[in-house]
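Trainee: Between the sequences and the hints, there should be enough to build the whole structure, so can you do that?
Listed in order, the protein sequences are those of chains A and B. According to my numbering, the first sequence holds residues 4 to 347 in order. According to my numbering, the second sequence holds residues 4 to 347 in order.
What the hints contain is simulated information worked out from the structure, not anything from laboratory work. Each residue gets a CB set at the ideal place from its N, CA and C atoms; glycine is no exception. Where hints are given, some of them may not hold.
[Claimed, not checked] Simulated restraints, written as ranges between beta carbons of each label pair: (1) Ala-100/B with Arg-202/A: 24 to 34 Å; (2) Asp-249/A with Glu-112/B: 54 to 64 Å; (3) Gly-23/A with Arg-202/B: 44 to 54 Å; (4) Ala-100/B with Gly-101/A: 20 to 30 Å; (5) Thr-10/B with Glu-112/A: 28 to 38 Å.
[What the hints assert, rightly or not] Stretches of chain A that chain B covers, calculated by requiring three or more beta carbons in the stretch to come under 8 Å of a beta carbon on chain B: (6) 100–110; (7) 151–161.
So the chains spell out like this:
2 protein chains.
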Amino acid sequence: MHGARPTIGDVARAAGVSKGTVSLAYSGKRPVAEETRRRVFAAAESLRWTASSSAQALATSRTSTIGLVIARRPEIIATDTFFPRFIAGCEAVLAEAGMGLMLNVVTDEDAETAAYERYAAGRVDGVILLDVKQGDRRPDLVRELGLTAVMLTAEAPHEDDPVDTPVVYTEDAAAVGELVDLLVGAGHTSIAHVSGPLRYVHAAARRDAFVDAMTHHGLRPDRIVEGDFTAASGRDATAALVDRADRPSAIVYANDVMAIAGLSYARSSGLRVPEDLSVTGFDDSELSAHLSPGLTSVSTGADVRGAVAARTLLAALGGDARRPVLVDGTVVVRRGSIAPPSRH
Amino acid sequence: MHGARPTIGDVARAAGVSKGTVSLAYSGKRPVAEETRRRVFAAAESLRWTASSSAQALATSRTSTIGLVIARRPEIIATDTFFPRFIAGCEAVLAEAGMGLMLNVVTDEDAETAAYERYAAGRVDGVILLDVKQGDRRPDLVRELGLTAVMLTAEAPHEDDPVDTPVVYTEDAAAVGELVDLLVGAGHTSIAHVSGPLRYVHAAARRDAFVDAMTHHGLRPDRIVEGDFTAASGRDATAALVDRADRPSAIVYANDVMAIAGLSYARSSGLRVPEDLSVTGFDDSELSAHLSPGLTSVSTGADVRGAVAARTLLAALGGDARRPVLVDGTVVVRRGSIAPPSRH
DNA sequence: TTCGATGCGCAAACCGGTTTGAACAGTGAG
DNA sequence: CTCACTGTTCAAACCGGTTTGCGCATCGAA
Numbered sequence: 004m005h006g007a008r009p010t011i012g013d014v015a016r017a018a019g020v021s022k023g024t025v026s027l028a029y030s031g032k033r034p035v036a037e038e039t040r041r042r043v044f045a046a047a048e049s050l051r052w053t054a055s056s057s058a059q060a061l062a063t064s065r066t067s068t069i070g071l072v073i074a075r076r077p078e079i080i081a082t083d084t085f086f087p088r089f090i091a092g093c094e095a096v097l098a099e100a101g102m103g104l105m106l107n108v109v110t111d112e113d114a115e116t117a118a119y120e121r122y123a124a125g126r127v128d129g130v131i132l133l134d135v136k137q138g139d140r141r142p143d144l145v146r147e148l149g150l151t152a153v154m155l156t157a158e159a160p161h162e163d164d165p166v167d168t169p170v171v172y173t174e175d176a177a178a179v180g181e182l183v184d185l186l187v188g189a190g191h192t193s194i195a196h197v198s199g200p201l202r203y204v205h206a207a208a209r210r211d212a213f214v215d216a217m218t219h220h221g222l223r224p225d226r227i228v229e230g231d232f233t234a235a236s237g238r239d240a241t242a243a244l245v246d247r248a249d250r251p252s253a254i255v256y257a258n259d260v261m262a263i264a265g266l267s268y269a270r271s272s273g274l275r276v277p278e279d280l281s282v283t284g285f286d287d288s289e290l291s292a293h294l295s296p297g298l299t300s301v302s303t304g305a306d307v308r309g310a311v312a313a314r315t316l317l318a319a320l321g322g323d324a325r326r327p328v329l330v331d332g333t334v335v336v337r338r339g340s341i342a343p344p345s346r347h
Numbered sequence: 004m005h006g007a008r009p010t011i012g013d014v015a016r017a018a019g020v021s022k023g024t025v026s027l028a029y030s031g032k033r034p035v036a037e038e039t040r041r042r043v044f045a046a047a048e049s050l051r052w053t054a055s056s057s058a059q060a061l062a063t064s065r066t067s068t069i070g071l072v073i074a075r076r077p078e079i080i081a082t083d084t085f086f087p088r089f090i091a092g093c094e095a096v097l098a099e100a101g102m103g104l105m106l107n108v109v110t111d112e113d114a115e116t117a118a119y120e121r122y123a124a125g126r127v128d129g130v131i132l133l134d135v136k137q138g139d140r141r142p143d144l145v146r147e148l149g150l151t152a153v154m155l156t157a158e159a160p161h162e163d164d165p166v167d168t169p170v171v172y173t174e175d176a177a178a179v180g181e182l183v184d185l186l187v188g189a190g191h192t193s194i195a196h197v198s199g200p201l202r203y204v205h206a207a208a209r210r211d212a213f214v215d216a217m218t219h220h221g222l223r224p225d226r227i228v229e230g231d232f233t234a235a236s237g238r239d240a241t242a243a244l245v246d247r248a249d250r251p252s253a254i255v256y257a258n259d260v261m262a263i264a265g266l267s268y269a270r271s272s273g274l275r276v277p278e279d280l281s282v283t284g285f286d287d288s289e290l291s292a293h294l295s296p297g298l299t300s301v302s303t304g305a306d307v308r309g310a311v312a313a314r315t316l317l318a319a320l321g322g323d324a325r326r327p328v329l330v331d332g333t334v335v336v337r338r339g340s341i342a343p344p345s346r347h
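Mentor: In structure tokens form, the structure reads like this:
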């Protein structure tokens, strides 16, 4: 039926030139006479030829693909809207550069390592490292495997950290500080925090920022519950906090999903939001904006982070190792979920 | 520093055999003496050799990668948790088979076509088609491009449809029918529907199912609002439905996000849920289970669909063209968001 | 007319695997 | 002792591109 895909040889023959010339006509790495170039393009067009990317990859040892391994529990992947937004942001940049994105979702550490090893076998040119953990071994792993990498973090890297992996970071601490300021400004003194899993650097950073901000206002940051970013944990943590006489008048959650689940729980147990309980989220999801009341959150531009990470990785692949890049645009979005505390 | 990656030639030399023997030892396509095989494996191990996937791809014209193009507006990707769940499901199957997943997120049709064309240039072996639309041209496109494909739909393919693309489908209609049954059984007679964009076959199928179910109960399906799966549209559609004297006593939403936003809107405009308004979602997201009241929804096992789609595609790649596959497991999950209607 | 410079394209090597026809050693049968 | 046969390995071709040394033609200057 439809014959095999045409090769560069077919195009060369049709245009009456050699394979090399066809290649050069496309890459422009050496001048080709205008007239010849036209013949080549015409031939390619009529044969509907496109270079085979496998052949190209083999010849150039560049795959035009970058890899992303997501290592999270299914419940979180299924809930948190960060990933799809992040990926969409990456894609926009990658597509423009003609690059592809290879995705792997893994659930245990062995599978994670295996994924990077497969990547290193010439499937991708570089990788983006998400969800950096305390003592994360991936930077070493990827270096060992010879992969170019970019790492996402939630705070500026320490000066003395021997960072050889390019870093793209946001400054979550400032945003958390702002949230606390807002609450304190509204009159709250009893503020709790539901964090993410503290083994993640970003979750720990937000928790630390909460502690600092509270301390700064002379308040005791003594109600901190560790959640795990799932709706279930948000609900449970909230239950633990509000089902008692000395419940807080406000809760700062480490992500929107936990905040929404918490808000919903509080409401159904008789509390009015925001009158009896103010809540804030983090990572502003589309849903949060359209709830009633809207959820006060921190818009961190997941898509922008994806775009910047992709751009930085492309630069690194081009040999342009750059200093840590700050992704700006972290902004507190105030909505109806915050109000002055009622007396109770 | 770290020398270039070892090649099969290095392994051959180290083991004192030829390249071909190394290849055979690994593929097993021809017998290799046990003793030789051991030497080869030992050499490969000590050199830390792994076959270059580009070279393999070129030689075998198989990339061990499948492609997935997601063509949706950013707001939807950012909200709907279907995609990450679906992808996680695919991955589980693909990883097991040593295959990779290439992902592309596009926003317009040209980019979509371009993505498939890049795929066809030897980047992937096959593709999964999501979100089939009325008169979708992708089946033709991928056939023309010589890509193996699997298509996901929400109803059994019509007998007379000349389906040459393998289909994996769910039976959404039955589930929608059950939802309506539940509501009618609880005493509701004024039930509205907020659909998805009707150009999508699955959204239209759910709408049709709603119409059929209502008609079956002798009710007039005259309050249907077309949404677009976003939280914003869920809120707006709900506003249009409930901010009037003859508001419905129940609303069937085509996905959870719209339902959650709608529920939230209804509550904040003074309606009690479920006492004054019962609501149901679709595609059961983790969040829905942990809201209070929990959202009655239809669990369609996005991850299972992903897994089945991946498995079917792998089979198709293996030349095993099979009849349409039904993904079972669509089940109505009843939670607190349904109650008998109150008088008003 | 001769000579170097310049522009252009060809042919061949190469990337790192897979595949296959043929060679070779060892074995048992005739 | 020869021959057919089996089991094992080798060498070379091939996949479809990219890269580069070299030759050829053309042209202006000496």
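Trainee: Are the hints correct? Go through all of them and say.
Mentor: Against the structure, the hints:
no.	hint	result
1	Ala-100/B with Arg-202/A: 24 to 34 Å	31 Å, holds
2	Asp-249/A with Glu-112/B: 54 to 64 Å	58 Å, holds
3	Gly-23/A with Arg-202/B: 44 to 54 Å	48 Å, holds
4	Ala-100/B with Gly-101/A: 20 to 30 Å	28 Å, holds
5	Thr-10/B with Glu-112/A: 28 to 38 Å	29 Å, holds
6	100–110	holds (count 8)
7	151–161	violated (count 0)
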